[in-house]
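K.L.:
What follows is each chain in one-letter form.
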Amino acid sequence: MELSLEDLLTKFKPVSIAAVNQCSGNSRSRFQPRVAGGQWGNGAMGNALWTGVRLKDLLEAAGVKPGTVQIQFEGLDRGKGPENLGSGRFMKSLDLDDPVVEETILAYAMNGEPLPMLNGFPVRLVVPGKFATYWLKHVTWIRALTEPDKNFWMATAYRVPDTPNGSTTPEAVAAGQVKTVPIGHFNMPVRSFIIDPDGTSPLVVGMPVKIRGVAFSGHGKVVKVEISTDDGKTWRPAVLGADYGKYSFRTFEFTWRPSQPGNYVIAVRATDEKGNTQPDAPVWNPGGYLWNKIERQEVVVLAAK
Amino acid sequence: MKKRVAFFGILLGLGLVAAEVPGTVAGQWTGGTLGLILQPAPAAPGGGSTINIGPLPTYTAELAEGEGKELVMSYCSICHSVTYITMQPPLANWKPTMDKMLKTYGAEKWIPADVAEKILAYLQAHYTPETRKE
Chain F
1 MELSLEDLLT
11 KFKPVSIAAV
21 NQCSGNSRSR
31 FQPRVAGGQW
41 GNGAMGNALW
51 TGVRLKDLLE
61 AAGVKPGTVQ
71 IQFEGLDRGK
81 GPENLGSGRF
91 MKSLDLDDPV
101 VEETILAYAM
111 NGEPLPMLNG
121 FPVRLVVPGK
131 FATYWLKHVT
141 WIRALTEPDK
151 NFWMATAYRV
161 PDTPNGSTTP
171 EAVAAGQVKT
181 VPIGHFNMPV
191 RSFIIDPDGT
201 SPLVVGMPVK
211 IRGVAFSGHG
221 KVVKVEISTD
231 DGKTWRPAVL
241 GADYGKYSFR
251 TFEFTWRPSQ
261 PGNYVIAVRA
271 TDEKGNTQPD
281 APVWNPGGYL
291 WNKIERQEVV
301 VLAAK
Chain D
1 MKKRVAFFGI
11 LLGLGLVAAE
21 VPGTVAGQWT
31 GGTLGLILQP
41 APAAPGGGST
51 INIGPLPTYT
61 AELAEGEGKE
71 LVMSYCSICH
81 SVTYITMQPP
91 LANWKPTMDK
101 MLKTYGAEKW
111 IPADVAEKIL
121 AYLQAHYTPE
131 TRKE
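One line per chain: the protein sequences are F and D, in this order.
Residue numbering for the first sequence follows my numbering, beginning at 1 and increasing consecutively.
Residue numbering for the second sequence follows my numbering, beginning at 1 and increasing consecutively.
Please keep in mind that the hints were generated in silico from the structure rather than gathered at the bench.
Among the hints, erroneous ones may be present.
Unchecked claim - Listed next, the in silico DSS-like pairs over lysine-lysine satisfying Cα-Cα at most 27 Å (straight line):
1) K179(F) <-> K95(D)
2) K179(F) <-> K233(F)
3) K95(D) <-> K80(F)
4) K179(F) <-> K100(D)
What the hints assert, rightly or not - Derived DEER-like restraints, expressed as beta-carbon distance ranges:
5) G245(F) <-> A61(D): 51 to 57 Å
6) K150(F) <-> D99(D): 20 to 26 Å
7) G199(F) <-> N93(D): 31 to 37 Å
8) E117(D) <-> P114(F): 43 to 49 Å
9) V15(F) <-> D114(D): 53 to 59 Å
10) P261(F) <-> A61(D): 39 to 45 Å
11) W110(D) <-> H185(F): 31 to 37 Å
12) V115(D) <-> A174(F): 28 to 34 Å
13) D280(F) <-> A61(D): 30 to 36 Å
14) E130(D) <-> E6(F): 54 to 60 Å
15) D7(F) <-> T60(D): 34 to 40 Å
Glycine is no exception: its CB is placed at the ideal position from the N, C-alpha and C atoms.
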């Protein structure tokens, strides 16, 4: 079946979903020992309102034959490498029985406007709760596969250890003991970030300061965000902001009135509706994926002299 | 040649950049973290389904000075921005990364073996934990 952009705009019911698009390697620079790959801080993520066509509606219109196990996506992106290698073509596949297939959309608008080129014009895949490697840009081909995708970007790249949190050790990797799965087997772990204060200016004793930030989870709605002003020893609940949907950023706010001057370490941790809470332990894997340790921010509080 | 450089210097000094790239317009622009981005010209009416998407960020890092820099800039950027080098952690041994590029991603097609050796020597000389400056 072949569809034009006009067909997508006019023949299918539009749906909108707010969802976070996050790089698998967001925060990779935190890994110890260090791993190769872009040394991201926490900036490799964004949140937007995506509008488009349900993948399910497209599959229904096309008719998926029995025996289909995966749906493969490919866009207009082409690399300079040979066609049969990962540097030539970029393809990703979702298991047909993955619940995310029900929520995936082929988006043609971002925040109510046509997708900018760098965000995947004219249509990109939005796979709520999954990492950005699945959010293919410039989607042009959707294929039904009768066996699991063996292409480089599924079988070799973006693999994570098959452990509960995708973590392992350098020793286990060196010993060749690590069984891996595509990162799509994981939903993005719950995370939260402190935006204010950012440590660039001192705080003042007795003056209220708003600790603010965002939280999200690939498993569903963030239901609790807690703040610590003593480096994670004690926690108090923050006030959650507007709920834009379970895969969206959710803002939080906590008013703190420091009573003593000194150095403080603020920490934040989020919990999602499935009961997942951020750990205070790091993960390690060779790809530098799935980081979600509790975030901290050092601040200085000065006396109000 | 010198005259031309000076001429461009004056233009930049005035905050004016001549619209030399087709599909862009003149304006005042500064280089940001994404590099110099020229402003796309306003869309013109017309038929067909060709859509002008405007310029893309150049996003290229300044590499360390040294022997082999030009080889790295010309050969590595056949496939990717050289920012992919500076965005790595300082790697003690660049050989596995070179092998990944040459074999896994097929860069052998573009990069002769003797050039690959010079590129590796450059990376070891400027981008290891001991040699990397920034």
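K.L.:
Each hint needs a verdict: does it hold in this structure or not?
P.N.:
We went through each hint and held it up to the structure:
| no. | hint | result |
| --- | --- | --- |
| 1 | K179(F) <-> K95(D) | 25 Å, holds |
| 2 | K179(F) <-> K233(F) | 36 Å, violated |
| 3 | K95(D) <-> K80(F) | 21 Å, holds |
| 4 | K179(F) <-> K100(D) | 21 Å, holds |
| 5 | G245(F) <-> A61(D): 51 to 57 Å | 37 Å, violated |
| 6 | K150(F) <-> D99(D): 20 to 26 Å | 22 Å, holds |
| 7 | G199(F) <-> N93(D): 31 to 37 Å | 35 Å, holds |
| 8 | E117(D) <-> P114(F): 43 to 49 Å | 47 Å, holds |
| 9 | V15(F) <-> D114(D): 53 to 59 Å | 56 Å, holds |
| 10 | P261(F) <-> A61(D): 39 to 45 Å | 41 Å, holds |
| 11 | W110(D) <-> H185(F): 31 to 37 Å | 35 Å, holds |
| 12 | V115(D) <-> A174(F): 28 to 34 Å | 31 Å, holds |
| 13 | D280(F) <-> A61(D): 30 to 36 Å | 34 Å, holds |
| 14 | E130(D) <-> E6(F): 54 to 60 Å | 58 Å, holds |
| 15 | D7(F) <-> T60(D): 34 to 40 Å | 39 Å, holds |
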